[in-house]
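J.: Between the sequences and the hints, there should be enough to build the whole structure, so can you do that?
Residue numbers (full-length UniProt numbering), protein chains in the order written: chain A, 1 to 405; chain B, 1 to 405.
Just to be clear, a hint being listed does not mean it is correct.
Identical copies go unnamed one by one, so any copy, or any two together, can satisfy a pair.
[Unchecked claim] In silico BS3-like cross-links for lysine-lysine, where the CA-CA straight-line distance does not exceed 27 Å:
#	residue 1	residue 2
1	Lys43	Lys143
2	Lys229	Lys58
3	Lys219	Lys43
4	Lys58	Lys43
5	Lys131	Lys357
6	Lys171	Lys131
7	Lys175	Lys43
8	Lys131	Lys368
9	Lys157	Lys215
I should point out that these hints are in silico values taken from the structure, not numbers from a laboratory.
These are the residues of each chain, in order.
2 protein chains.
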Amino acid sequence: MRICILSIGSELLEGSVVDTNSAFIGSELAHYGVSPDMIRMVKDNRQEIVSLFIELSKEFDIILTTGGLGPTFDDITAECLALACQSELILNERAYNHMKEMLERSGVTLRKEHEHQVMLPKDCLLFNNVKGTALGFSMHLNKADIICMPGVPAEMKAMFSDEVIPYLREKYDFKEITYKDMHFLSVPESEVDAVIRSIEISSDTQCIINAGSGKVVVKLRGYNNPEIKKVSDKLKSVFKESYLGDNYTDEAKLIIDILKSQNKTISFAESCTGGLLSEYITNVSGASEVFMGSVVSYDNSVKHNVLNVPDDILMNYGAVSEECAAFMASGVKKLMKTNYAVSITGIAGPNGGSEEKPVGLVYIGVAKEEEIKVYKNIFNGDRQQVRTKSAKKAMLYLLNLLKEY
Amino acid sequence: MRICILSIGSELLEGSVVDTNSAFIGSELAHYGVSPDMIRMVKDNRQEIVSLFIELSKEFDIILTTGGLGPTFDDITAECLALACQSELILNERAYNHMKEMLERSGVTLRKEHEHQVMLPKDCLLFNNVKGTALGFSMHLNKADIICMPGVPAEMKAMFSDEVIPYLREKYDFKEITYKDMHFLSVPESEVDAVIRSIEISSDTQCIINAGSGKVVVKLRGYNNPEIKKVSDKLKSVFKESYLGDNYTDEAKLIIDILKSQNKTISFAESCTGGLLSEYITNVSGASEVFMGSVVSYDNSVKHNVLNVPDDILMNYGAVSEECAAFMASGVKKLMKTNYAVSITGIAGPNGGSEEKPVGLVYIGVAKEEEIKVYKNIFNGDRQQVRTKSAKKAMLYLLNLLKEY
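T.: As structure tokens, this is what we get:
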């Protein structure tokens with residue numbers, strides 16, 4: 001079975017939008033042991049899309065398209081599919097009613113122009129869109145099922161997972177493979193690699209190793225469950241300390257669950273990360289049980305007035321210093337009356353660096369009751385990378401502290 | 001002239017890596033009025049890559065590849081290019097010396113296996129890589145220049161901008177075009193579309209319309225400056241209120257620049273957004289001149305103790321209320337001694353909603369000196385979407401307030 005993803009939209013080729021949909025589809029399909037053989041992007045060009053539908057439908061069994069389902073003049077996926085299938089384009093009532101209902105709910109008036117969006121190929125199969133106005137649809141052409149989904153990632157993701165995958169599983173007998181991702185914190189990739197090499201892994205089991213953002217991720221894939229268990233058990237026993245835990249792929253979620261189990265609370269004081277660490281933690285539903293809040297102390301006046309960092313510390317050591325990080329952590333812990341606190345202060349760049357304190361220098365403080373540890377880091381990369389690495393590293397220090405208890 | 005981008009790497013099709021390189025190349029090319037006619041991703045498969053090189057080189061004038069230049073067994077771009085061009089694969093001395101120097105600089109010992117990386121097609125043209133060990137290279141095949149670049153985004157970007165673009169400009173006489181992006185806030189895409197349809201735009205001017213994150217973006221491209229001015233003037237006059245302004249693509253940057261010009265400062269009090277608004281603002285270099293800081297008052301105790309929201313307000317109206325939003329804004333403004341303040345409090349979900357206060361209900365307060373306005377919103381979407389929409393909408397309210405003065 002051959003699968004093709006076709007991402008439709010001039011904005012993708014012009015580079016104003018990054019196509020994240022294809023990667024999402026690819027990673028979802030991987031759960032069934034299949035992967036697209038081709039991913040291709042095409043402009044909003046009638047002739048090109050129509051001839052691609054015709055050509056590709058001879059070569060592929062499943063063609064998944066994203067984009068071009070909206071109400072504007074350059075949304076032409078339905079029209080092109082009808083042309084390729086030599087089918088009639090008609091106003092689809094179910095699609096119309098869905099659109100009407102969704103628009104009304106968000107207070108937008110239905111206009112004549114919206115009708116363009118629900119002109120679909122006659123006899124197409126529909127896929128529901130719980131997050132947007134445009135339903136998905138599919139037609140059969142030559143040997144292919146052509147399934148068209150919206151380009152808005154949230155809409156596409158929900159439709160693909162809840163509607164398209166069940167349809168494909170039924171029709172093509174997709175079987176779920178065992179799919180285990182193991183996350184290891186603060187261990188060198190080469191050490192994990194050496195352990196994996198020492199295990200004889202049978203050829204029906206795929207083992208991929210990736211490193212980045214302070215983590216090593218081992219991906220195990222296959223239908224041979226005992227083999228996958230053998231490998232994962234071995235890794236777990238060797239890297240007990242740094243293993244994030246079964247079912248954990250997200251440090252923030254693990255931090256929250258550990259704090260919940262300990263019945264403890266936390267707060268943050270952020271400078272160069274500007275709220276990013278708080279954002280990571282509060283992105284997890286349920287964070288409110290343990291996360292009290294944080295102070296983004298961007299200006300020194302806030303470090304002094306709100307967090308009680310002494311003026312002489314700021315003057316003698318500067319805001320980017322071990323001393324300041326320590327006072328920030330203890331300051332916010334006291335202010336918000338929490339058991340733990342984390343502080344981050346550094347130079348994200350591109351400006352503000354010096355010989356002595358270069359761009360990328362970041363101090364991270366972790367406080368537990370009366371005890372405070374401060375770690376010095378020098379991160380490479382641009383402003384965004386330094387900020388991201390700082391917030392991720394802070395979660396890592398915190399996890400190591402939490403696991404001690 | 002037809003251009004094709006070929007992204008090489010199985011990880012792209014399996015969805016474990018998102019291809020951001022193609023979008024970067026597309027957006028750089030757009031400045032010269034050209035765009036790739038095709039973007040395609042291909043697995044690390046010798047046969048497939050070789051036949052693609054041969055096929056595509058008959059159809060395209062420029063083929064830009066990324067990925068597959070590294071030292072590991074699955075890095076096969078050079079080998080495939082040599083096969084397609086029926087050229088010999090030889091150890092390239094300049095590439096070898098560059099690799100050696102870069103490895104030594106980062107303290108990695110040169111190993112025999114590294115040599116694989118510098119086995120390049122004989123007589124290829126080289127492109128420098130200031131950020132990594134693998135040089136780029138190109139060969140001519142049929143009608144095409146095939147230019148191969150590394151897959152690591154930072155390396156590819158530097159090589160493309162500093163080496164490949166100048167080469168293409170010279171060889172193909174690329175001329176810079178007029179390139180105007182217009183951002184409109186909180187206006188439905190269909191309304192902008194209707195206005196564009198009402199203007200007769202000459203065919204030498206390209207007009208693309210995109211919507212997302214509470215914004216509509218209209219992109220005008222071409223060499224016909226009077227025509228571009230005509231369209232942009234029309235849009236500006238119709239959507240005066242919601243137009244972000246010439247040269248602004250980022251609300252956060254505009255907010256910071258207006259505040260700088262007014263010599264005013266700002267602070268935030270965030271609840272359901274958990275630091276996201278602060279993160280947006282501090283993502284802009286130079287934010288420190290106007291942004292003092294913020295309080296992420298996730299727990300009610302922090303709203304009361306740090307921001308001075310009265311207990312009876314929290315008890316009688318709740319944390320998600322107009323009243324609480326107003327006190328949060330005035331509280332943080334006073335605490336951080338700023339001219340302006342913004343507050344956000346709401347229910348991001350998926351839990352915590354009720355009949356009276358549903359998931360998605362968000363109050364946004366904007367304070368200027370003694371004056372405070374609070375806006376009520378009900379946002380659709382999941383937790384992440386509600387948070388994102390809240391922070392973006394807050395920037396919009398703030399911008400409208402700033403523009404009044």
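J.: Each hint: holds or not?
T.: Right, here's what the structure says about each hint:
In this homomeric assembly, Lys43 and Lys143 come within 27 Å of each other (Cα to Cα) both inside a single copy, at 24 Å, and across copies, at 23 Å. Within a single copy, Lys229 and Lys58 get their C-alpha atoms no closer than 39 Å, and across copies no closer than 46 Å, so neither meets the 27 Å cut-off. Taking the shortest Cα distances, Lys219 and Lys43 sit within 27 Å of each other only across copies (15 Å), while inside one copy they are farther apart (33 Å). For the homomeric pair Lys58 and Lys43, the shortest alpha-carbon distances inside one copy (21 Å) and between copies (20 Å) are both at most 27 Å.
Taking the shortest Cα distances, Lys131 and Lys357 sit within 27 Å of each other only across copies (20 Å), while inside one copy they are farther apart (47 Å). For a Cα distance limit of 27 Å, the shortest separation of Lys171 from Lys131 inside one copy, 25 Å, qualifies, whereas the shortest one across copies, 47 Å, does not. In the homo-oligomer, the alpha carbons of Lys175 and Lys43 lie at most 27 Å apart only across protomers (22 Å), although the nearest pairing inside one protomer, at 34 Å, exceeds that limit. Taking identical chains as interchangeable, the C-alpha atoms of Lys131 and Lys368 are never at most 27 Å apart, the minima being 42 Å within one chain and 36 Å between chains.
Taking identical chains as interchangeable, the C-alpha atoms of Lys157 and Lys215 lie at most 27 Å apart whether they share a chain (26 Å) or sit on different chains (21 Å).
Consistency note: the structure conflicts with the earlier hints numbered 2 and 8.
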